[in-house]
Amino acid sequence: MKEPRPLVPLGPLTTLELGGNAELLIEVESPSETKDAVGWAADRHLPLTVLGGGSNVVVADLGLPGLVVRIANRGIEISHEHDRVVLTAAAGETWDEVVATAVAENLAGIECLSGIPGTAGATPIQNVGAYGQEVAEVIESVRVLHRLTLEESTLDADGCEFGYRSSVLRRPGNPFVVLEVGFSLRLGGAPTLS
Numbered sequence: 001m002k003e004p005r006p007l008v009p010l011g012p013l014t015t016l017e018l019g020g021n022a023e024l025l026i027e028v029e030s031p032s033e034t035k036d037a038v039g040w041a042a043d044r045h046l047p048l049t050v051l052g053g054g055s056n057v058v059v060a061d062l063g064l065p066g067l068v069v070r071i072a073n074r075g076i077e078i079s080h081e082h083d084r085v086v087l088t089a090a091a092g093e094t095w096d097e098v099v100a101t102a103v104a105e106n107l108a109g110i111e112c113l114s115g116i117p118g119t120a121g122a123t124p125i126q127n128v129g130a131y132g133q134e135v136a137e138v139i140e141s142v143r144v145l146h147r148l149t150l151e152e153s154t155l156d157a158d159g160c161e162f163g164y165r166s167s168v169l170r171r172p173g174n175p176f177v178v179l180e181v182g183f184s185l186r187l188g189g190a191p192t193l194s
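To convert, note that position 30 of the sequence shown is 30 in the working numbering; the numbers rise steadily by one, no gaps.
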């Protein structure tokens, strides 16, 4: 595991560009690095904060104690399964890149969600939506890491318990870190125009 960096300013890592330092910060680029970082914090009984693209985040001037894990794993895979297509995005993938890839591949289901800041891993947390679409309509699976057991599992859409701009992943005490998200999209489908 890479060594966490001490006293890293968090303002530049958020869209509002405000806030103090992380006591310790590590940037992870794979699920295994994420698991190592979460385990490292648990072994030392440190508070753990997970940060993606930094949108919808306000950091106090005092900063954050413990370890901040910045999710930076990237990658998009597309698999064709009969009459549907599954686009799987790593949690740290820029959300607008995910939407642009879907549109370029003629895949319908998330086209109205372009321009929303953040990462793919954040989309199921708050059930991102706009202009008549929300990700709950197309999320097939969310691969997660349990913070305490360090076991990986997969939540289906029902397991995410989606609501308006919420999910089980957003609730207090949520034990999961998102690793990747699978979206079930329509090849050549008509775009949503509502």
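You may find that some hints are simply not true.
[Said to hold, decoys possible] List time: in silico SDA-like cross-link candidates among lysine to any residue, alpha-carbon distance up to 25 angstroms:
#, residue 1, residue 2
1, K35, H45
2, K2, L46
3, K2, G115
4, K35, E77
5, K35, S114
6, K2, S30
7, K2, E152
8, K35, N21
9, K35, T149
10, K2, D43
11, K35, H82
12, K35, H80
13, K2, F176
14, K2, P47
15, K2, T49
16, K35, R84
17, K35, V57
18, K35, G163
19, K2, A72
20, K35, S141
21, K35, D83
22, K35, L16
23, K2, E27
24, K2, R147
25, K2, R143
26, K35, L185
27, K35, E105
28, K35, V8
29, K2, S79
30, K35, A104
31, K2, E23
32, K2, P191
33, K35, D61
34, K35, G173
Calculated directly from the structure, the hints in this document are not laboratory data.
So if I understand the rule, the pair passes when the alpha-carbon distance is 25 angstroms or less; does K2 with L46 pass?
Satisfied, since the Cα-Cα distance of roughly 17 angstroms is no more than 25 angstroms.
Restraint check for K2 with D43, where alpha carbons must lie at most 25 angstroms apart:
Status holds; Cα separation ~16 angstroms.
Has the given pair, K2 with A72, been kept, meaning a C-alpha gap of at most 25 angstroms?
OK: K2 and A72 at ~14 angstroms, within 25 angstroms.
Proposed proximity, H45 with K35 (alpha carbon, max 25 angstroms)
Holds - the C-alpha atoms of H45 and K35 are around 15 angstroms apart, at most 25 angstroms.
Pair hint K35 and E105, alpha-carbon separation not exceeding 25 angstroms:
With a Cα-Cα distance of about 32 angstroms, the restraint between K35 and E105 is violated, given a limit of 25 angstroms.
Has the given pair, K35 with V8, been kept, meaning a C-alpha gap of at most 25 angstroms?
Roughly 21 angstroms separates the two Cα atoms, so the pair holds.
Between K2 and F176, does the CA-CA distance stay at or below 25 angstroms?
holds (22 angstroms)
CA of K35 to CA of A104, is that 25 angstroms or under?
Cα-Cα ~33 angstroms, so violated.
Compare the distance between the alpha carbons of K35 and G173 with 25 angstroms, and conclude whether the hinted pair is satisfied.
holds (18 angstroms)
Given the hint that K2 pairs with R143, test it: the Cα-Cα distance must not exceed 25 angstroms.
holds (23 angstroms)
Given the hint that K35 pairs with L185, does the C-alpha gap stay at or below 25 angstroms?
violated (29 angstroms)
Compare the distance between the alpha carbons of K35 and S114 with 25 angstroms, and conclude whether the hinted pair is satisfied.
Not OK: K35 and S114 at ~30 angstroms, beyond 25 angstroms, violated.
Hints 3, 5, 11, 12, 16, 18, 21, 22, 26, 27, 29, 30, 32 and 33 from the earlier list are contradicted by this structure; the remaining hints agree with it.
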